[in-house]
Amino acid sequence: MRILVVGSGGREHALCWAIAASPLVTKLFCAPGNAGIAREAECVPIGVDDHDALVAFCRDSAMEFVVVGPEAPLVAGLVDKLDAAGIKSFGPTAAAAVLEGSKAFTKDFCARHHIPTAAYGRFTDAEAAKAYIREQGAPIVVKADGLAAGKGVIMAETVDQALEAVDAIMADRAFGEAGAEIVVEEWMIGEEASFFALTDGEAILPLAGAQDHKRVGDGDTGPNTGGMGAYSPAPVVDDAMAARIVKEIIAPTVAGMAAEGRTFRGVLFAGLMITEAGPKLIEYNVRFGDPECQALMLRLKGDFLSALIATADGQIGHFHLRWHDETALCVVMAANGYPGAYEKNTVIAGTEAVESDDVVVFHAGTARGEDGRLLATGGRVLGVTAIGKDAAEARARAYAAVDGIDWPGGFCRRDIAWRALQG
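Position in the sequence shown (first residue = 1) + 4 = the working numbering.
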């Protein structure tokens with residue numbers, strides 16, 4: 005089969021890495037790709053938001069299957085355009101992708117279908133939001149309703165911080181039009197986890213659990229980011245907890261979306277808080293996590309592409325995936341200054357030298373300079389991912405690889421998987 009992966013980040017590199025191993029692949033493309041993805045696939049210079057050009061490329065190149073990686077083209081309806089052109093793809097339609105496209109929709113959806121989540125209010129008026137915050141008190145969480153690249157969530161420890169967050173999102177438009185509406189939520193107490201499941205709109209195939217590290221600094225300090233590291237499996241999601249997550253959150257979501265005429269086909273990524281009362285939904289994403297995907301792909305056994313095709317074909321109920329028992333861990337190397345302003349086009353050396361059977365360096369924001377040197381072009385730049393018999397061994401291998409990469413313009417957190425290792 006001729007396969008196209010849409011996207012250019014670390015998630016897409018991990019997807020390409022896994023898909024390239026499938027015996028079904030005769031030719032793999034990625035649009036637009038990056039310097040690392042170029043090792044696995046032929047990169048095509050078409051942006052993820054140029055839907056007409058992507059459809060035309062698929063038609064002209066006899067593409068047989070498309071895997072859409074990032075959330076923005078899913079929310080904007082790329083799968084709908086591919087469907088209309090008769091091109092099979094993996095990912096939800098725009099009507100289903102609203103689960104990530106609008107946090108307010110998802111909160112109301114959870115209320116309709118009795119899915120456990122944080123108490124909340126939704127607001128298009130800043131003064132009404134501030135009145136709600138003063139009434140509720142702090143700590144409290146303020147979220148931009150729309151897509152904000154993982155950064156549209158502000159954890160306010162005081163009422164004043166929450167009021168400032170409302171102004172930053174709604175008045176200053178810190179996250180653009182994503183902040184035209186906001187959701188204000190209860191601050192939940194517990195341990196965060198990521199849970200993934202493939203669904204064809206009816207059947208559900210749970211994947212592995214993982215744990216992400218959203219804050220930029222060690223000890224979960226500083227502003228939220230798109231993710232500074234992840235590991236899988238996460239001890240907090242044991243078999244019993246996974247079964248509860250499917251029963252109480254994933255299954256009613258799949259059934260509810262179908263009942264509302266928004267049948268969901270693709271991957272459901274539930275960001276969860278594991279509380280004393282059980283799992284509660286923080287938010288839904290409608291694509292694989294980044295950097296969770298990097299860790300998951302190292303643990304996966306078998307043909308991943310076949311699972312994606314079975315999802316698109318409505319056959320995931322007859323499919324099984326197996327996982328290595330080992331732990332996989334991803335350390336994100338980001339450009340100095342991220343998630344704020346950062347310098348671009350700094351030189352990186354040594355990425356290939358640190359790779360082995362146990363270590364893969366997935367690329368996110370990278371490109372090749374005219375002289376062939378590897379350049380950092382984004383905020384999150386590399387996902388140094390290792391596998392080991394347990395979290396301690398995987399972490400040791402990942403950080404040894406990080407230390408072997410020569411990139412003065414970058415940094416990373418040094419405590420990935422601290423929860424798994426503290427007890």
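Just so you know, the hints here were simulated from the structure itself, not pulled from any lab data.
Fair warning: there could be bad hints in the mix.
[Stated by the list, open to error] Using 30 Å as the maximum straight-line C-alpha spacing, the simulated DSS-like pairs for lysine-lysine come out as follows:
| no. | residue 1 | residue 2 |
| --- | --- | --- |
| 1 | 85 | 134 |
| 2 | 155 | 284 |
| 3 | 305 | 31 |
| 4 | 134 | 251 |
| 5 | 155 | 218 |
| 6 | 155 | 31 |
| 7 | 284 | 134 |
| 8 | 134 | 92 |
| 9 | 155 | 134 |
| 10 | 218 | 305 |
| 11 | 305 | 348 |
| 12 | 134 | 218 |
| 13 | 251 | 284 |
| 14 | 218 | 251 |
Model, not experiment: these values are computed from the prediction.
Given the hint that residue 134 pairs with residue 92, does the C-alpha gap stay at or below 30 Å? Cα-Cα ~46 Å, so violated.
Hint consistency between residue 155 and residue 31 [alpha-carbon to alpha-carbon, up to 30 Å]: 35 Å, violated
Under the criterion that the straight-line Cα-Cα distance not exceed 30 Å, is the pair residue 305, residue 31 satisfied? Status holds; Cα separation ~21 Å.
With a cut-off of 30 Å on the C-alpha distance, tell me whether residue 134 and residue 251 pass. With Cα atoms ~36 Å apart, residue 134 and residue 251 exceed 30 Å; violated.
So if I understand the rule, the pair passes when the alpha-carbon distance is 30 Å or less; does residue 85 with residue 134 pass? Judged against 30 Å, a Cα distance of about 40 Å means the pair is violated.
Quick one, are residue 134 and residue 218 close enough, alpha carbons at most 30 Å? Distance ~26 Å between residue 134 and residue 218 Cα, so the pair holds.
Residue 218 and residue 251: Cα distance at most 30 Å? 26 Å, holds
Would you mind confirming whether the straight-line C-alpha gap from residue 218 to residue 305 stays at or under 30 Å? 27 Å, holds
Checking one constraint from the list: CA of residue 155 to CA of residue 284, max 30 Å. Satisfied? Given pair residue 155, residue 284 holds - Cα atoms ~21 Å apart, limit 30 Å.
Going straight from one Cα to the other, do residue 251 and residue 284 come out at no more than 30 Å? Holds. Residue 251 to residue 284 sits at ~12 Å (cutoff 30 Å).
Decide if the proposed pair is consistent with the structure: residue 305 and residue 348, CA atoms, cutoff 30 Å inclusive. At roughly 36 Å apart (the allowed maximum being 30 Å), residue 348 and residue 305 break the hint.
Going straight from one Cα to the other, do residue 155 and residue 218 come out at no more than 30 Å? 9 Å, holds
Violated hints for the displayed structure, listed by number in ascending order: 1, 4, 6, 8 and 11.
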